[in-house]
Amino acid sequence: MCNIIRGFILSITVLMLSFPVHAEDVSKEQMKGLDEQVQEIKGDVLGISAELNRLEEKLLYPSTTQVAVFVSLAKGETFRLDSVEIQLDGAPVAHHLYSFKELEALQKGGMQRIYTGNVRSGEHVLQIFVAGKAGGGADVQKSERFKINKDVGPKIVEISLAAQSITLNDR
Amino acid sequence: MNRLVIVLTMLIFSASSASAAPAAPKKPRDLYFGEALYYAFQGDWFDAIARLDTELVQHYGLDEPERDTLHYYINQAEFDVGDFELFYRMHQRAGRAIKSVIEGNVEESVRNEAVFRLARIYFQKDQPQNAQQAVDRIKGAVPEKIRADLAFLRANIALASGGNAEAARILKDLQGEKSLEGFSSYNLGIALLRNGSEQDGRAYLDRTGRIESNSPAALAIRDKANLVLGEKLLAENKFEAAKETLDRVRLSGPFSNRALLSSGWADASREQFKSALAPWTLLSERAVTDEAVQEAMLAVPYAYGRLGVYSKAALLYGRALEAFSAEIDKLGASITSIREGKFLKALAREELKQDPEWVVKLRELPETPETFYLLDLMASHDFQESLKNYLDLEELRKKLEVWSRDLAAFEDIIQKRRAYYQPLLPAIDREFRRLDSQMRLRLEQRDHIEQRLHAMLVAPRPDYLATAEERILGGQITLLERKLTAGGKGVSGEVEARIKRLRGALLWNIYTEYDRRFTEAHRHLRDLNREIDLLKKQYTAFVRARQAATQSYEGYDDVIRRLRTQITTARGKVGELMSRQGHMLEVMAVNELTRRRDRLEEFQIKARFAMADSYDRATKAQNKKRLEQ
Numbered sequence: 001m002c003n004i005i006r007g008f009i010l011s012i013t014v015l016m017l018s019f020p021v022h023a024e025d026v027s028k029e030q031m032k033g034l035d036e037q038v039q040e041i042k043g044d045v046l047g048i049s050a051e052l053n054r055l056e057e058k059l060l061y062p063s064t065t066q067v068a069v070f071v072s073l074a075k076g077e078t079f080r081l082d083s084v085e086i087q088l089d090g091a092p093v094a095h096h097l098y099s100f101k102e103l104e105a106l107q108k109g110g111m112q113r114i115y116t117g118n119v120r121s122g123e124h125v126l127q128i129f130v131a132g133k134a135g136g137g138a139d140v141q142k143s144e145r146f147k148i149n150k151d152v153g154p155k156i157v158e159i160s161l162a163a164q165s166i167t168l169n170d171r
Numbered sequence: 172m173n174r175l176v177i178v179l180t181m182l183i184f185s186a187s188s189a190s191a192a193p194a195a196p197k198k199p200r201d202l203y204f205g206e207a208l209y210y211a212f213q214g215d216w217f218d219a220i221a222r223l224d225t226e227l228v229q230h231y232g233l234d235e236p237e238r239d240t241l242h243y244y245i246n247q248a249e250f251d252v253g254d255f256e257l258f259y260r261m262h263q264r265a266g267r268a269i270k271s272v273i274e275g276n277v278e279e280s281v282r283n284e285a286v287f288r289l290a291r292i293y294f295q296k297d298q299p300q301n302a303q304q305a306v307d308r309i310k311g312a313v314p315e316k317i318r319a320d321l322a323f324l325r326a327n328i329a330l331a332s333g334g335n336a337e338a339a340r341i342l343k344d345l346q347g348e349k350s351l352e353g354f355s356s357y358n359l360g361i362a363l364l365r366n367g368s369e370q371d372g373r374a375y376l377d378r379t380g381r382i383e384s385n386s387p388a389a390l391a392i393r394d395k396a397n398l399v400l401g402e403k404l405l406a407e408n409k410f411e412a413a414k415e416t417l418d419r420v421r422l423s424g425p426f427s428n429r430a431l432l433s434s435g436w437a438d439a440s441r442e443q444f445k446s447a448l449a450p451w452t453l454l455s456e457r458a459v460t461d462e463a464v465q466e467a468m469l470a471v472p473y474a475y476g477r478l479g480v481y482s483k484a485a486l487l488y489g490r491a492l493e494a495f496s497a498e499i500d501k502l503g504a505s506i507t508s509i510r511e512g513k514f515l516k517a518l519a520r521e522e523l524k525q526d527p528e529w530v531v532k533l534r535e536l537p538e539t540p541e542t543f544y545l546l547d548l549m550a551s552h553d554f555q556e557s558l559k560n561y562l563d564l565e566e567l568r569k570k571l572e573v574w575s576r577d578l579a580a581f582e583d584i585i586q587k588r589r590a591y592y593q594p595l596l597p598a599i600d601r602e603f604r605r606l607d608s609q610m611r612l613r614l615e616q617r618d619h620i621e622q623r624l625h626a627m628l629v630a631p632r633p634d635y636l637a638t639a640e641e642r643i644l645g646g647q648i649t650l651l652e653r654k655l656t657a658g659g660k661g662v663s664g665e666v667e668a669r670i671k672r673l674r675g676a677l678l679w680n681i682y683t684e685y686d687r688r689f690t691e692a693h694r695h696l697r698d699l700n701r702e703i704d705l706l707k708k709q710y711t712a713f714v715r716a717r718q719a720a721t722q723s724y725e726g727y728d729d730v731i732r733r734l735r736t737q738i739t740t741a742r743g744k745v746g747e748l749m750s751r752q753g754h755m756l757e758v759m760a761v762n763e764l765t766r767r768r769d770r771l772e773e774f775q776i777k778a779r780f781a782m783a784d785s786y787d788r789a790t791k792a793q794n795k796k797r798l799e800q
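Heads up: the sequence lines are chains A and B, in that order.
Mapping to the numbering used here: the first sequence position 51 is 51, numbers consecutive.
If you count the second sequence from 1, you need to add 171 to reach the numbering used here.
Treat the hints with care, as some may be off.
As the list claims (entries may be wrong) - Here chain B is said to cover these stretches of chain A; the calculated rule only asks that three of the stretch's residues, wherever they fall, bring their Cβ under 8 Å from a Cβ of chain B:
hint, stretch
1, 81 to 87
2, 98 to 108
3, 115 to 124
4, 127 to 135
5, 142 to 152
What the hints assert, rightly or not - A few chain A residues facing chain B, derived, Cβ under 8 Å:
hint, residue
6, 43
7, 64
8, 70
9, 72
10, 170
11, 171
Claimed, not checked - Subject to a maximum C-alpha distance of 25 Å in a straight line, what follows is the list of computed DSS-like cross-link-like pairs (lysine-lysine):
hint, chain 1, residue 1, chain 2, residue 2
12, A, 147, B, 708
13, A, 32, B, 795
14, B, 708, B, 744
15, A, 58, B, 708
16, B, 791, B, 483
17, A, 32, B, 310
18, A, 58, B, 795
19, B, 569, A, 101
20, B, 513, B, 744
21, A, 142, A, 75
22, B, 270, B, 343
23, B, 501, B, 513
24, A, 101, A, 150
25, B, 513, B, 296
26, B, 445, B, 796
27, B, 349, A, 108
28, A, 32, B, 343
29, A, 58, A, 150
30, B, 744, B, 559
31, A, 28, B, 483
32, B, 445, B, 483
33, A, 150, B, 708
34, B, 501, A, 32
35, B, 445, B, 744
36, B, 654, A, 32
37, A, 75, A, 58
38, B, 587, A, 58
39, A, 75, B, 316
40, B, 501, A, 28
Keep in mind the hints are simulated off the structure, nothing from the lab.
The structure presented is a predicted model; accordingly, all values stated were derived computationally and were not measured.
Ideal Cβ positions, reconstructed from N, Cα and C, are used throughout, including at glycine.
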């Protein structure tokens, strides 16, 4: 019965129009072939990216002077991180405002390389300023000074953030 | 139905893999791996792969990779890079990465997880036979975290290969699995129906249609189950049951339009046109671009006609005609717009990508009428894949363009460094060579002193520690003796005694102070060693700085030349592929819009005839009424 009624609308069509044949159609094979070529070019561009990264590091941040600062959130930390500012020997070198996606990535265990630069060998002062909101909505403003010692190899430090503390892990 | 199951299983697999893939290690001790995860968690797959690839290459290039922090996460990293490639739709590479884990020297559970992932790739690429062969290789311990997903995959492979009974058997065991809630019961329902167990199949679809959950995915599958079961019941003329099932579909979900339309037909099929008007009227007021809405715009006046309200029916047919006419014009304009290339330009708009709801926003863009129908078009898997490829290519195009500029900047930096260092270095090198020879001499002297002091530990030599004054005095005494005895002259006893006294006094001091002097000499040597260490550090620092100065501008020409060639070639390829992929999208879009326009033109004809028919009936009814009066 249902089909009969539904057919009513169709049945009142006196002039049945045949669907025009489209000039072009896209076959599965065409799509598959193109998809494989897209995959290949992605691989090529990734290769270029890797080589370019190596070149950039060697040219701009040689290991003798390289310093890199990574930011992570302490495990289980729920405070909303708004911004981080990094000062090296009193000069601001990095400032980052966090989007929701970035904050979520940090909360899941991701680590952000916030700064890569060059310094001379010896002792340097790294100052971290953090702004955010605690679970209850209260403002969190923290700042911490650390001394780091740059040696021959690249200097890599991890800054672990929590509502209560800023910790430096020297690598 | 078959297509539905496949689409649905793809949906849950993409959902489950999304939650499982970039799993963060408990304590990411490798910062660069953590950085790759940071990008992966944001869905930035290109950067995630690029960084993790670099890290893996560096790890394997180390003499002692087990001392690298990535060593603790190496299996996870290998899996993740495969997963990232999968998310970046590089199935071929993802497969290769996972195969390398399988063939490596890994534990049974790790190998089994890798085989599971490989099977999942095959299944997603619509290769159920390869997927089956892969899961058949899983033997022994299976990690707990993938146990349910593996069973679900086995069931879906069986479903896709026609092994409905096998699928049903596996799925029955998965009914208590919370992570698969809704999906396992839905697929079990489908498997049972296909296997001829009508009653049981319906019961599982019905059960899926009644699940309580807050999860959007579970709610979507609940709606889907109700729609599928409702339409099945409708096709079997079980209108009341169909209506009851269809009305369980949420009014705001993605399946609501079709459910409302079918719900109306369930009423209309029972000649309950008044009841049918409720869902149809609601539906007819929704976005006119939807196929179900367009059908409802004809169904509402049809119901009024059947209720004898011909004038209203004629009026609504007229409205439908107007709406269809406007939509046909819009579709015509859209097709023209696509052919003018505006569609591809709209897709690549940067601001859209910042918004997770960009497809919806796309519909609101002015000057791109074709995008009004995009949501329907997006439902097609092929279109989605082509669109994603196009957008990925657009990203690659932009990256390559930036890199090309970067290379020019690098060359500029190198040139400036060369211009600065080259004139300075010869003079610095000359001065360095002079200081270097001095330093070597002093170092030899120090070594000589150390050797002597070391020897004096076993064979004391007080004379070595005589002061300069004592040496001069000693020399003078010897000279005096020589003078006095020159030419065989004799020396008076008094003079000889005085000379002996002098020498004795000198030696007395040298021998009695030997221990103190020896200790002091060692202290001085230690002081000297400290200075030497400092000197060596300064020397090494200078050598490094000197090397760095040369390395800052030498040895880059070949790399930059090679990269420039690679970038130019890649830009050419990307441009060509973008044009082909774009053309494919345009063809798909034009075909879809043409189909929709043809359908509307057909509806237009139907509406026109139905309107005329309704006017006739309205006039006849009026005449009849007038005659009766």
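Results for each hint:
{"no.": "1", "hint": "81 to 87", "result": "violated (count 0)"}
{"no.": "2", "hint": "98 to 108", "result": "holds (count 6)"}
{"no.": "3", "hint": "115 to 124", "result": "violated (count 1)"}
{"no.": "4", "hint": "127 to 135", "result": "violated (count 0)"}
{"no.": "5", "hint": "142 to 152", "result": "violated (count 1)"}
{"no.": "6", "hint": "43", "result": "holds, 6 Å"}
{"no.": "7", "hint": "64", "result": "holds, 5 Å"}
{"no.": "8", "hint": "70", "result": "holds, 5 Å"}
{"no.": "9", "hint": "72", "result": "holds, 7 Å"}
{"no.": "10", "hint": "170", "result": "violated, 12 Å"}
{"no.": "11", "hint": "171", "result": "holds, 7 Å"}
{"no.": "12", "hint": "147/A to 708/B", "result": "holds, 22 Å"}
{"no.": "13", "hint": "32/A to 795/B", "result": "violated, 65 Å"}
{"no.": "14", "hint": "708/B to 744/B", "result": "violated, 51 Å"}
{"no.": "15", "hint": "58/A to 708/B", "result": "holds, 23 Å"}
{"no.": "16", "hint": "791/B to 483/B", "result": "holds, 15 Å"}
{"no.": "17", "hint": "32/A to 310/B", "result": "violated, 33 Å"}
{"no.": "18", "hint": "58/A to 795/B", "result": "violated, 95 Å"}
{"no.": "19", "hint": "569/B to 101/A", "result": "holds, 22 Å"}
{"no.": "20", "hint": "513/B to 744/B", "result": "holds, 22 Å"}
{"no.": "21", "hint": "142/A to 75/A", "result": "holds, 18 Å"}
{"no.": "22", "hint": "270/B to 343/B", "result": "violated, 31 Å"}
{"no.": "23", "hint": "501/B to 513/B", "result": "holds, 15 Å"}
{"no.": "24", "hint": "101/A to 150/A", "result": "violated, 33 Å"}
{"no.": "25", "hint": "513/B to 296/B", "result": "violated, 31 Å"}
{"no.": "26", "hint": "445/B to 796/B", "result": "holds, 23 Å"}
{"no.": "27", "hint": "349/B to 108/A", "result": "holds, 22 Å"}
{"no.": "28", "hint": "32/A to 343/B", "result": "violated, 36 Å"}
{"no.": "29", "hint": "58/A to 150/A", "result": "holds, 18 Å"}
{"no.": "30", "hint": "744/B to 559/B", "result": "holds, 17 Å"}
{"no.": "31", "hint": "28/A to 483/B", "result": "violated, 47 Å"}
{"no.": "32", "hint": "445/B to 483/B", "result": "holds, 14 Å"}
{"no.": "33", "hint": "150/A to 708/B", "result": "holds, 14 Å"}
{"no.": "34", "hint": "501/B to 32/A", "result": "violated, 32 Å"}
{"no.": "35", "hint": "445/B to 744/B", "result": "violated, 61 Å"}
{"no.": "36", "hint": "654/B to 32/A", "result": "violated, 111 Å"}
{"no.": "37", "hint": "75/A to 58/A", "result": "violated, 33 Å"}
{"no.": "38", "hint": "587/B to 58/A", "result": "holds, 16 Å"}
{"no.": "39", "hint": "75/A to 316/B", "result": "holds, 21 Å"}
{"no.": "40", "hint": "501/B to 28/A", "result": "violated, 29 Å"}
In terms of the numbered hints stated before, the structure departs from hints 1, 3, 4, 5, 10, 13, 14, 17, 18, 22, 24, 25, 28, 31, 34, 35, 36, 37, 40, listed from lowest to highest.
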